[in-house]
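Asks: In case you want the letters, here they are:
Protein chains: 2
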Amino acid sequence: MARFRPAIGDESQFLEQLFDHGLLLRTGAPGVYGRGPLFEDVRERFDTLVTRVAAPDKAESLRFPPLLSRRHLESTGYLASFPHLAGTIFEFEGSEREAAEQAERAALHEDWSASQTMTDLVLVPAACYPVYPVIAARAPLPAGGTTIDAGGAYVFRREPSGDPARLQMFHQREIVRIGEPASVAAWRDAWRDRAVEILQRVGLEAEFDVATDPFFGRSGRMLAASQRAQELKFEVRIPIASPEPTAVASFNYHQEHFAQSFGIKLADGGVAHSACLGFGLERIALGLLRRHGLDPRRWSGAVRDELWGR
Amino acid sequence: MARFRPAIGDESQFLEQLFDHGLLLRTGAPGVYGRGPLFEDVRERFDTLVTRVAAPDKAESLRFPPLLSRRHLESTGYLASFPHLAGTIFEFEGSEREAAEQAERAALHEDWSASQTMTDLVLVPAACYPVYPVIAARAPLPAGGTTIDAGGAYVFRREPSGDPARLQMFHQREIVRIGEPASVAAWRDAWRDRAVEILQRVGLEAEFDVATDPFFGRSGRMLAASQRAQELKFEVRIPIASPEPTAVASFNYHQEHFAQSFGIKLADGGVAHSACLGFGLERIALGLLRRHGLDPRRWSGAVRDELWGR
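Heads up: the sequence lines are chains C and P, in that order. Using the working numbering, the letters of the first sequence correspond one by one to residues 172 to 481. Using the working numbering, the letters of the second sequence correspond one by one to residues 172 to 481.
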């Protein structure tokens, strides 16, 4: 197979090629795709490479399903900043007659939303969210703080799109550091450099820059300006298919935000700070496929050695 | 650590022990738990054991996120049979003023459901559901049909419970066979025997029996009776914590149900049949922990050899 490079700026052409090669699979919803074995292998191998690089952190490994207690989302202020990205879970609680009516409407693809009621669950918006309540329940923090590896977990963002690099559900490889402000900031800065290095090792043109979260609305623009001024967020970006490079890793310094939301205190009773890093595993797999070609079995020996060789 | 055996019938005692040993982690919602590394290791090792046993099937390996197009759920009749178990995804589509109101209510833990609207997505109720539309899009089937390994994927059932063996989100290791009626039925029967054998190899007292799905309401009782009379569903059960043995694997013969819902035809134009098998990976991990003790590092050599030895 010849090396295929979609035109920069033509996301839909890239997505069609991914479908044609069985790397991604249509499911009927934009940004929700099945995955073929070659795509999954690349994603998992990069995840394993992160595990090797992260070994010196001696992080505690915890895993979470992609659901979060709604109360926890309410406590973090997520809905003030990102109401447009949140997904909530609804259920049916009615009678047998109401169930029959709901089923009848649904079979006709008519609106059956009125028979659904809100549950106590939402979709996880970022893989670090379930970590904080678990650490809070163990409080206070041990001296030196704690580092949690939350794995490569599915997270949800409500942003349907035809760009394969903008999925509604994707794997975020997340590590969280909670502790003294200075050690948390130093950890974040060290990982920013490590992330660029990992991506360069697999042949990607990675660069980092100060960044902002996609805050909602006009008031969100002020939040973004403040976040940028304080350099609270960095991103590492690589070329995928859109005209501008795409963020594939981000490094967020939350200061006391999450520790205060959940009541996490330092061993000495002081206010803890937190930071997290997240690799967008599907975006990295897409970047690798675009850079090295759509058949990973034919990638160069050096790249294959990094991902499969050890 | 001494071997711990919770009293049969005391599910809540077992759950507390799992929390105490860091095998499961509280998240604030019943049936939604984080997982410690030992629990995850057991779950993944059993998953790998299934992969080894399934090798002769030469199944095609496909993976799906835990979201399904709502339209596909509507097309299968799931809402007629299991309206109480379905989870639907809602989102915010309002203005900046409405977002501020929603955030204010949420921060006070008041009801903010009125500002949420239904999306085109639902949670996956069983790991085989996303497979059928993908196979339908490739139609017709190749001669001999097809076998798809959908992996150990997260699925959702809305049944909050204090029984650790009844999770709202759990991993279902699912394999789907679609083809000629006789070959599909034979495949299902062969796996029923293989599943008992796998579970016995890791020291579990497994037995199979005819079973029924948890259909909703009074009309559901008739569906269950018909399913039982036709022996369309088998389950393999093991002792976990509840008074009766718990189903940890099920084998469903759908006849033409899913093929007709999605328009899957045989190579000769005839009606395809389908069957699937699902292992409940968390339930099997729980059964192993209950049978062999809460520290997998101390399990007997024979059991460890089966799970870690190859």
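Treat the hints with care, as some may be off.
Unchecked claim - For each label pair, taking beta carbons as the anchor points, the in silico distance ranges come out as:
(1) P:Ser390 <-> C:Gly440: 58 to 66 Å
(2) P:Glu264 <-> C:Val442: 48 to 56 Å
(3) C:Arg223 <-> P:His280: 39 to 47 Å
(4) P:Ser390 <-> C:Asp191: 40 to 48 Å
(5) C:Arg399 <-> P:Glu368: 40 to 48 Å
(6) P:Val442 <-> C:Glu368: 42 to 50 Å
(7) P:Arg309 <-> C:Glu330: 25 to 33 Å
(8) P:Arg197 <-> C:Thr222: 45 to 53 Å
FYI, nobody ran anything at the bench for these hints, they're computed from the structure. By construction, the Cβ of each residue, glycine as well, lies at the ideal position given by its N, Cα and C atoms.
Asks: For which of the previously enumerated hints does the structure constitute a violation, in increasing order of number?
Replies: Of the numbered hints given earlier, those the structure breaks are 2, 5, 6, 8, listed in rising order.
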